[in-house]
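Peer 1: Protein chains in written order, with UniProt numbering: chain A, 1 to 122; chain B, 1 to 122; chain C, 1 to 122; chain D, 1 to 122.
Hint data in this document are derived by calculation from the structure and do not stem from the laboratory.
A hint or two may mislead.
Put simply, identical chains are the same to the list, so a pair is met inside one copy or across any two.
[To be verified] Below, simulated DSBU-like cross-link-like pairs (lysine-lysine); rule was C-alpha separation at most 35 Å, straight line: (1) Lys-47 with Lys-59; (2) Lys-44 with Lys-10; (3) Lys-77 with Lys-47; (4) Lys-102 with Lys-10; (5) Lys-72 with Lys-11; (6) Lys-10 with Lys-77; (7) Lys-44 with Lys-93; (8) Lys-117 with Lys-91; (9) Lys-47 with Lys-93; (10) Lys-93 with Lys-77; (11) Lys-44 with Lys-11; (12) Lys-77 with Lys-11; (13) Lys-117 with Lys-59.
4 protein chains.
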Amino acid sequence: MRVEETEIFKKYFENLTDRERAVFEGGITLGALFHQFVGTPVSKDNKESLERAIEEAMKNQPCVYDIKVKIKDVGEKYTSLDGRMLDVDLKIKINRTIAHLKLEYIAEIDYPLMYVKELYEE
Amino acid sequence: MRVEETEIFKKYFENLTDRERAVFEGGITLGALFHQFVGTPVSKDNKESLERAIEEAMKNQPCVYDIKVKIKDVGEKYTSLDGRMLDVDLKIKINRTIAHLKLEYIAEIDYPLMYVKELYEE
Amino acid sequence: MRVEETEIFKKYFENLTDRERAVFEGGITLGALFHQFVGTPVSKDNKESLERAIEEAMKNQPCVYDIKVKIKDVGEKYTSLDGRMLDVDLKIKINRTIAHLKLEYIAEIDYPLMYVKELYEE
Amino acid sequence: MRVEETEIFKKYFENLTDRERAVFEGGITLGALFHQFVGTPVSKDNKESLERAIEEAMKNQPCVYDIKVKIKDVGEKYTSLDGRMLDVDLKIKINRTIAHLKLEYIAEIDYPLMYVKELYEE
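From just these sequences and the hints, can you work out the full model?
Peer 2: Given below as structure tokens:
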């Protein structure tokens, strides 16, 4: 049984709507992903294994329904993973509510932005 | 001007209520804090400087209104900061809505839980 | 060309013997590995993808000749990767000198120790 | 008693000269520092508390004799700490041998380089 399925866990979230819960869990997972993996050595040689490992690791987080990670602008020479290289699509599911969240670099504000792309009922 | 005050930033959040936005930003900041600092060497000698530095660092994150970090169970011997040692109170403010969020270790589920303690209008 | 093969890089290391250089680079890579990945969510489901991704990431670091990562004590329930779960064999090669380094948990001192297992000429 | 003063710890290092040991411990500490703190939110407001907290945290690591951390190119707007912003002087002491190590950005190779500036007897 996953931790989020336990009764003790659930009672901490009775004060939130499904939508609020979905964006809360999504925020945690995006913040966690960014700050866990920024700094990791990456080059063309390990780009794909790192993308898959980030996806698989974050699927452990509560309520993650689906996640797709792309690392952009990777060259021959290795570099430390910068948050601006991350492009993430994350789906969180709470009952029938799905939050589709995004982490992507927004050039106009020079910022790797985390936001909610869509919130819908399945 | 803080990044969250720019018009470009703001338009990404028009699809959320103030409550949803508050818990989303709170989730990001708690997930970020945990995964940034877990692993840091900590002993009685540097416990306080680390607590203050975590607070000051996380105040940079969008919409953080107040934050208090306590590191528990620190002994003479240094150890790597474990998420179960963290006790965090975080307040996020969106217009007049305040989300009071918490990260604390819950022994019954052996889990450092992030949850929303209170959501209220100022 | 890898960064460590450039002339500018090389001139910073003229003051070290091959043995000194080998253990210096090995220390960097072990310290980096530990503090980059501690905290990552891990369960039986993603243990292997994480082990492989850590190996592939750290092969980018200067002078890494071979690396094998094992994550121990992973259960059904996910947890944050703790340094005590890591068992790493790392080989660094400088000209004909090889340093075989180790990161493993030593119960007597309750410490995830990094040390040089063997230093030899190939 | 610090962990490095225990007999069990010491016996793992009998195969190294004092110089080798000094650069090994120095490598660990620089690799650890970089990968622990890269990604931390930093602006003018928290630059100094972060510099001090990094120094104090890393003094826990075995054999650290002195450390000075400077974070460069910090602006009004907050950013994630990038390894290229770090300027670190670290001294490791093993018996009478001191290794003075450096982490600094080298523009010619676009690389935050860790190297041994000086190795001497006190």
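Peer 1: Now tell me, hint by hint, if it's right for this structure.
Peer 2: Quick rundown of the hints versus the structure:
| no. | hint | verdict |
| --- | --- | --- |
| 1 | Lys-47 with Lys-59 | both (19 Å within a copy, 12 Å between copies) |
| 2 | Lys-44 with Lys-10 | between (42 Å within a copy, 24 Å between copies) |
| 3 | Lys-77 with Lys-47 | both (12 Å within a copy, 27 Å between copies) |
| 4 | Lys-102 with Lys-10 | both (25 Å within a copy, 15 Å between copies) |
| 5 | Lys-72 with Lys-11 | between (40 Å within a copy, 24 Å between copies) |
| 6 | Lys-10 with Lys-77 | between (46 Å within a copy, 17 Å between copies) |
| 7 | Lys-44 with Lys-93 | both (33 Å within a copy, 22 Å between copies) |
| 8 | Lys-117 with Lys-91 | both (10 Å within a copy, 24 Å between copies) |
| 9 | Lys-47 with Lys-93 | both (28 Å within a copy, 24 Å between copies) |
| 10 | Lys-93 with Lys-77 | between (38 Å within a copy, 19 Å between copies) |
| 11 | Lys-44 with Lys-11 | between (45 Å within a copy, 27 Å between copies) |
| 12 | Lys-77 with Lys-11 | between (49 Å within a copy, 20 Å between copies) |
| 13 | Lys-117 with Lys-59 | both (19 Å within a copy, 25 Å between copies) |
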